[in-house]
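Chemist: If you want the building blocks of each chain, they are given just below.
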Amino acid sequence: MPPDSPTAASPAPDIPTSTPPGLIALFVAFAKISLAGFGGVLVWARRAIVDQHRWMTADEFNETYALCHFLPGPNVVNLSVVFGSRFRGIPGGIAAFAGLLGPPMLIVTILAALYAHFGEIDALRRILAGVSCAAVGLLISAVFRMMMPLVKRRDLVGLVVMAAVFTAIGLLRLPLPAVLLVAIPLSIAITFAIRRRVTA
Amino acid sequence: MNSDANPIWTLVWTFGLMSLFAVGGANAAIPEMHRVAVDVQHWMTDKQFADVFAISQMSPGPNVLIVTLIGYSVAGVGGALAATLAMCVPTAVLAYYVSRLFTRSSHSRWPAIIQAALVPLSIGLMGASGLILALTSDRTWAGALVTAVSAVLVFATRLNPLWMLLAGGCLGFAGVI
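Quick note, the sequences are listed as chains A and B, same order. Reading the first sequence from the start, the letters are residues 4 to 203 in my numbering. Reading the second sequence from the start, the letters are residues 41 to 217 in my numbering.
A couple of the hints might just be wrong.
To be verified - Restricting the straight-line Cα-Cα distance to at most 20 Å, the calculated cross-link-like pairs of lysine to aspartate or glutamate (DMTMM-like) are:
id, chain 1, residue 1, chain 2, residue 2
1, B, K87, A, D125
2, B, K87, A, E123
3, A, K35, A, D54
Hints were generated in silico from the structure; no laboratory data involved.
Take the sequences, apply the hints, and build the full model.
Modeler: Next comes the structure, spelled out in structure tokens:
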């Protein structure tokens, strides 16, 4: 058997789906995801990472996203850092973060400057007023979409917690930290108690 | 509050703290952004807040970029950068460490419990965002109708949401809203 046998030459990669991306590939991929994502980046992130580049399987992506969803902060930003660092350590996380935020931030900053100069023009004010009415509708539809699983499961406790947070923040306008410092421990305790009763 | 302080530091402190409480993402923190930016710090009016939300929804990129716009209106380009990084970096660092923790010990059932407990919270927060934005944006009955129609259409059909924004902009330009 020759010394340069194929078993020693190419170790099997850890990720069965595809070769791990480099720093530039991470930056470019997340910049593309971000610039394609009007009104929601997640769909594009899934499409690029799972379908196009095959850097993760659908299940791996769902697990990673679930983790980022229950952590505080902008979910897709968290996802970019977790994803990038999984392949290339901290530099990979930074590359993905910079790709996701850098280019759209540049665009939004230019829009902000334009708004600061021309925001008082009557036609622009009217257009923005119309867009914001429609945009609020998009947000409300997302809320209903998220609510449907709770309604279908008849998750009464979940719906009560949801209504309580809505009342405290939306109607009473209480500060967010104060509400969450009460609501998070309470909700976790209730969920834990219910699951224990179900399994016991 | 402390209005003599450098506005950049006020932005960093405000959004850095807020990010840690943004359960369910940036849209869930909109009521808190509105409370701080309009009611507490008086950085902008209700109308400007609604405009900023509209611009952030029309632009590409993650929803969190609304803080870039708030930061810009407070302290220009430096403010935009400071607010965005303050809103994104602390939780990104947290996410990095937590994800490393969970890849090592993925057998715990706590992640599932915490997640199940937080989902209703974040829906409640998003609902509050919807209410507060509706109150700031829908100044006329026609405006409220546009909000309702766009909510129903996007919920019930597979129509691209961008059409709703375009239609809203056209109706606004025409002076209907």
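Chemist: Does each hint hold? Answer for all of them.
Modeler: Hint by hint, here is what the structure shows:
1. A distance of roughly 13 Å separates the Cα atoms of K87/B and D125/A; the hinted pair therefore holds under the 20 Å criterion.
2. Between K87/B and E123/A, the direct Cα distance comes to roughly 11 Å. Compliance with the 20 Å bound is thereby established for this hinted pair.
3. For a cut-off of 20 Å, the pair hint linking K35/A to D54/A stands: about 14 Å separates their Cα positions.
Violated hints for the displayed structure: none, as all numbered hints are satisfied.
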